[in-house]
Amino acid sequence: MAGETSPVVSYPYLRNVLGMEVDDESMKSVPHAQGELYTHVVLKTAQAGSILGAIIGAGVAAVRKTGPISRSLMNGSRNGMLIGAPLGVLATYGAMRSTSKKPDVDMDYEYFDRAYRLRHNRGQVRVDRASIIVSGVGVATAVAQGSSVLGGGALGLAAGTLLGAVYNATIKSQ
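If you want this note's numbering, it's the position in the sequence shown, counting the first as 1, plus 99.
These are computed hints drawn from the structure, not numbers from a lab.
Quick caveat: nothing in here was measured; it's all calculated off a predicted structure.
We put the CB at the ideal spot given by N, CA and C, even for glycine.
Incorrect hints may appear among the rest.
[What the hints assert, rightly or not] Pairwise CB distance ranges, derived in the manner of DEER restraints:
hint : residue 1 : residue 2 : range
1    : Thr198    : Ala239    : 37 to 43 Å
2    : Met126    : Arg196    : 25 to 31 Å
3    : Gly166    : Asp205    : 52 to 58 Å
4    : Ser125    : Thr165    : 48 to 54 Å
5    : Leu113    : Thr165    : 38 to 44 Å
6    : Asp205    : Ala243    : 46 to 52 Å
7    : Tyr266    : Arg196    : 32 to 38 Å
8    : Asp203    : Ala161    : 52 to 58 Å
[Unchecked claim] In silico EDC-like links for lysine to aspartate or glutamate, alpha-carbon gap of 16 Å or less:
hint : residue 1 : residue 2
9    : Lys127    : Asp207
10   : Lys127    : Glu209
11   : Lys127    : Asp212
Start from the sequences, fold in the hints, and give me the full structure.
As structure tokens, then:
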């Protein structure tokens, strides 16, 4: 379980994130809990970085009037994502290290518990799914336009995250 250092995630985890049906027994089986937790947090910090980077990039372009805002959005989003992703590794490591220093803590269980709860958090899963799908659309659009694939993917990641959050807020208010 959590004692392994492999960043590999399990097939049920991927099926769940992609919106495919996963039976209860498979949802309870978390063979790569540590990898799933790290993957989730890295995705979250990459999402946050891409959003903040896009906002900062657009703001800087608007103030400096150095070129098209679309390019600044993509570059800012890309830079934010590239800064955010490694911060997710550090954040997870720090949080779990802090947890491990508490008395009578079973770290295998701690990793399992967090990964298990994330699998069942439908809102988180929807946001992750939307961000991954729209990131793919961003990559495809960038390829079609001959622009930065990484920038297109990062901007798609930001847009998908925001769309997923809006969708969650909409279905909760109904």
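Each hint tested on the structure:
no.	hint	in the structure
1	Thr198 - Ala239: 37 to 43 Å	40 Å, holds
2	Met126 - Arg196: 25 to 31 Å	27 Å, holds
3	Gly166 - Asp205: 52 to 58 Å	54 Å, holds
4	Ser125 - Thr165: 48 to 54 Å	51 Å, holds
5	Leu113 - Thr165: 38 to 44 Å	41 Å, holds
6	Asp205 - Ala243: 46 to 52 Å	50 Å, holds
7	Tyr266 - Arg196: 32 to 38 Å	35 Å, holds
8	Asp203 - Ala161: 52 to 58 Å	54 Å, holds
9	Lys127 - Asp207	14 Å, holds
10	Lys127 - Glu209	14 Å, holds
11	Lys127 - Asp212	10 Å, holds
This entry satisfies every hint, going by the numbered hints stated previously.
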